[in-house]
Amino acid sequence: DIQMTQSPSTLSASVGDRVTITCRASQSISNWLAWYQQKPGKAPNLLIYKASSLESGVPPRFSGSGSGTEFTLTISSLQPDDFATYYCQQYNSYSPLTFGGGTTVDIK
Amino acid sequence: QLQPRESGPGLVRPSETLSLTCSVSGGSIKKNDLYWGWIRQPPGKGLEWIGSIFHGGSTYLNPSLKSRVSFSVDTSKNQLSLRLTSVTAADTAMYYCASGREGYSPLDPFAVWGQGIKVIVSS
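First to last, the sequence lines map onto chains A and B.
Quick note: the first sequence, position 81, residue 81 per this note's numbering, numbers continuous.
Take any residue in the second sequence, count from 1 to its spot, add 1000: that is its number in this note's numbering.
In short, the hints are calculated from the structure, not lab data.
Each residue gets a CB set at the ideal place from its N, CA and C atoms; glycine is no exception.
Just so you know, not all the hints are guaranteed correct.
Covered by chain B, according to a simulated footprint, are these stretches of chain A (three or more residues, beta-carbon under 8 angstroms) [to be verified]:
| # | segment |
| --- | --- |
| 1 | 44-50 |
| 2 | 77-91 |
| 3 | 100-108 |
With a straight-line cut-off of 25 angstroms between C-alpha atoms, the simulated BS3-like cross-links for lysine-lysine are [as the list claims (entries may be wrong)]:
| # | chain 1 | residue 1 | chain 2 | residue 2 |
| --- | --- | --- | --- | --- |
| 4 | A | K39 | B | K1045 |
| 5 | B | K1030 | B | K1077 |
| 6 | B | K1030 | A | K50 |
| 7 | B | K1118 | A | K42 |
| 8 | A | K108 | A | K42 |
| 9 | B | K1045 | A | K108 |
| 10 | B | K1031 | B | K1077 |
| 11 | B | K1031 | A | K50 |
| 12 | B | K1045 | A | K42 |
| 13 | B | K1118 | A | K39 |
So here's chain B without its partners, still in its complex pose:
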């Protein structure tokens, strides 16, 4: 089974850029033509979809974050990446990478989740 794992800095300064990587093990990131999503969860709060990306590069972003977020995929490394610019304290959250269930569409529930990475925005 494909298993994602998030990595990156745990602390980012306000106004800087957050960069996270999702490394996928257990098979190719292209397997089953799944979409891969990034979801975040502020402390004590609910889940917020950041966006989804296909291995071919197609990207779907939450309009509320679209101006600050970008995704990339490196199929040779079996990795996805997220960049979030101009971070503020409101971006403090647990960030998750997750795979879709059936593939071929971003309209797919998230079947396999990484353990998440805690990111704090603070000076």
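Looking at chain A on its own, in the form it has when it is part of the complex:
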């Protein structure tokens, strides 16, 4: 299995802050990485695919970077609607597809 490790697990920030979340893969996954946002009681929502491509309808304050084993999700200026949990997911291998453990962004 490809293990996906996110850090930090919890992040406290204020509106307007620049926020960065890291995701590390246990082996190279090229750029086959997605980021999702999940709010309480809701299904996850795809933000980023292929490590850095912004999904349609997602605000441009979200960006992704990285390749191989190290990836980051950046929110350039945190907005009230962004307080949520974020997950990375590798889709380089389906044996199995795996998600990171999640990073919760809460209000400082």
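We have chain A; now place chain B onto it with these hints.
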């Protein structure tokens, strides 16, 4: 846009079989040759991929669940189904159905998710 919606029992007894259905509206389940995935999330925990299925029947399963899981697809009803046998409390979770983004491969992020269905395993 294709929209999945999960349905099934909210309560299942231990050792029994969980059966869930994903009904797709807004177009054909064959559209864009997308793969369809099942993902679950235990209460307060992260996401676990159960497996993915193609409308033609090709199936990819999480090895950790492979011995207990099976999928089927009914293109005439625009539905997918999941069966999970010999359930235990560890199978208590929110179960989601989701479509791939680009199609033709199970190696595809999940672009459109259903609202999920909460399943509790308890006697």
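Original post:
Broken hints, numbered, in rising order?
Top reply: none
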